[in-house]
Amino acid sequence: MNEKIGILYLDDEEQNLLSFQALFRRDYQVFTTTSAHEAITILNNNPIHIIFSDQKMPDVSGVEFFETILHDFPDAVRILITGYADIEAVIDAINKGQVYRYVTKPWEANDLRICVDNALEKFRKDQEIIAKNRELEKANSELEKFVYSASHDLRAPLVSIKGIVNVARMEGLDPKAMAYLDMIERSTNKLSDFVSNIINYYQNNQSDELLEEIDFNEMADEIFSKYEHYEGAEKINFRKDITQTSPFKSDGHRIRMILNNLISNAIKFSDLKKHECLIDLQVTQNKEKALIKIGDNGVGISPDILPGIFEMFHNSTDKNIGSGIGLYIARQAVRKLNGNISASSEQGKGTRFTFEIPNKS
Amino acid sequence: MSSLSAITFHLVDDNDIDIAVNSKLLQLAQISSNIIPYSSAGAFLKKIEEDPDMFLKNPNVVLLDIMMPNVNGFECLDKLSELSEELRRHIMVFMLSSSIDRNDIRRAEAYPMVQKVLEKPLDIYLLKKSLEGIFEG
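Top line first, the protein sequences correspond to chains G and Y. Heads up, the first sequence is in this note's numbering, so the first residue is 1 and it goes up one at a time. Heads up, the second sequence is in this note's numbering, so the first residue is 362 and it goes up one at a time.
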């Protein structure tokens, strides 16, 4: 049953090799040698799962031998056979991960058997982990490809619709037709935002930090101009108050992701009954960090919902808009930037989100 | 018409609606009316091969969609990079994509011919500003 299990034993004493052979040759494929050089040849030509080596040999020590083969044969379980005198070298080797176990000399047949059983168990478990890791890597890369192509396939038609509306607006169609096209555009924007959030969610989990120089003024203008055409944004007065005193480096993509989610959230929950709807973006920044506040005078969040708003699919009860994933993504992105985010709100008065992110310049 | 009107625009996109929209936008924004549509990168590359003189006469701006069947935007860029230096000097590429992927941007910006990666729907005024910066600046 263990035909395929290969064990190699390196020892300068022939007598030890013979007793080892006698002990295991019926159950395993056993290779023995007195030469480290030959041991490597055996490793190169045979599937070896467990390697025993004597520590005290004339040309090379057991630990040294393991060191030389570690890179090329990392999977084999390495066991050192040694006398008590070398115990420090052995402990060191075990701690460095070069050796799995050691057996004291002179060895007893029973100890050695147990040792082989344990080593085999370890070998199988290691192999299982390696196989599982490969599967995971494969699944991950397939998922990545799928998200990439699905997001494109979902977005492409939406983007075409938006393009057509842009052309119609420039052509100046009659007001009635334009009013209908505006509605089409708003619905399209909603769907397109949702698709963006799915992509954002995914990208936020996957990708590494990509640092760039951030100009908060420029970023604010870019984001505000994007939202001016949004449903419910007609009445909103966007204001910014930005103090940028030194260069600021961070992941611009993630900061945009956070601001986009907080601002679109503020628009959705603006209070249209009010005389003037406000969205305030405040940035104060120094060499260490940036403090960003987004305030609105919208409908506010009721105290019983407030603690859970950053959870996935929390959904506000009174105004059921969106998927409830936006704030979750915002918090995830803040965390990826090693920052923190909080919210305070008063019903009927408005909401304020505050987040702080470190300067990586 | 602005000084951009000498440019010939090559719209390479497998989506006929996007081609129609973008060529309409180029005209409505009074950028240029020299517009040639191609439904695939293959058709565009074939045109250069058949009529290189046309490309040498005027500056050419290519609006190149990234996601296309058969030859995609990046493969098309690889082929364009193999053209003679003289031809390459007359061709400028803007990549278009409906979903801006960070890896795509990094990849596209590695090509010297690529001016910018633009998100669809095309912001015609942003394109106009970039072109003015290049041709009039």
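In short, the hints are calculated from the structure, not lab data. Treat the hints with caution; some may be incorrect.
[What the hints assert, rightly or not] Listed next, the in silico DSSO-like pairs over lysine-lysine satisfying Cα-Cα at most 27 Å (straight line):
no. : chain 1 : residue 1 : chain 2 : residue 2
1   : G       : K4        : G       : K162
2   : G       : K145      : G       : K176
3   : G       : K268      : G       : K336
4   : Y       : K477      : G       : K162
5   : G       : K176      : Y       : K385
6   : G       : K56       : G       : K122
7   : G       : K226      : Y       : K489
8   : Y       : K489      : Y       : K418
9   : G       : K162      : Y       : K407
10  : G       : K226      : Y       : K490
11  : Y       : K418      : G       : K162
12  : Y       : K440      : G       : K145
13  : G       : K268      : G       : K235
14  : G       : K145      : Y       : K477
15  : Y       : K418      : G       : K249
16  : G       : K190      : G       : K125
17  : G       : K349      : G       : K273
18  : Y       : K385      : G       : K190
19  : Y       : K490      : G       : K240
How the hints compare with the structure:
no.: 1; hint: G:K4 / G:K162; result: 64 Å, violated
no.: 2; hint: G:K145 / G:K176; result: 43 Å, violated
no.: 3; hint: G:K268 / G:K336; result: 26 Å, holds
no.: 4; hint: Y:K477 / G:K162; result: 21 Å, holds
no.: 5; hint: G:K176 / Y:K385; result: 22 Å, holds
no.: 6; hint: G:K56 / G:K122; result: 26 Å, holds
no.: 7; hint: G:K226 / Y:K489; result: 18 Å, holds
no.: 8; hint: Y:K489 / Y:K418; result: 21 Å, holds
no.: 9; hint: G:K162 / Y:K407; result: 31 Å, violated
no.: 10; hint: G:K226 / Y:K490; result: 17 Å, holds
no.: 11; hint: Y:K418 / G:K162; result: 34 Å, violated
no.: 12; hint: Y:K440 / G:K145; result: 24 Å, holds
no.: 13; hint: G:K268 / G:K235; result: 12 Å, holds
no.: 14; hint: G:K145 / Y:K477; result: 24 Å, holds
no.: 15; hint: Y:K418 / G:K249; result: 44 Å, violated
no.: 16; hint: G:K190 / G:K125; result: 49 Å, violated
no.: 17; hint: G:K349 / G:K273; result: 12 Å, holds
no.: 18; hint: Y:K385 / G:K190; result: 25 Å, holds
no.: 19; hint: Y:K490 / G:K240; result: 25 Å, holds
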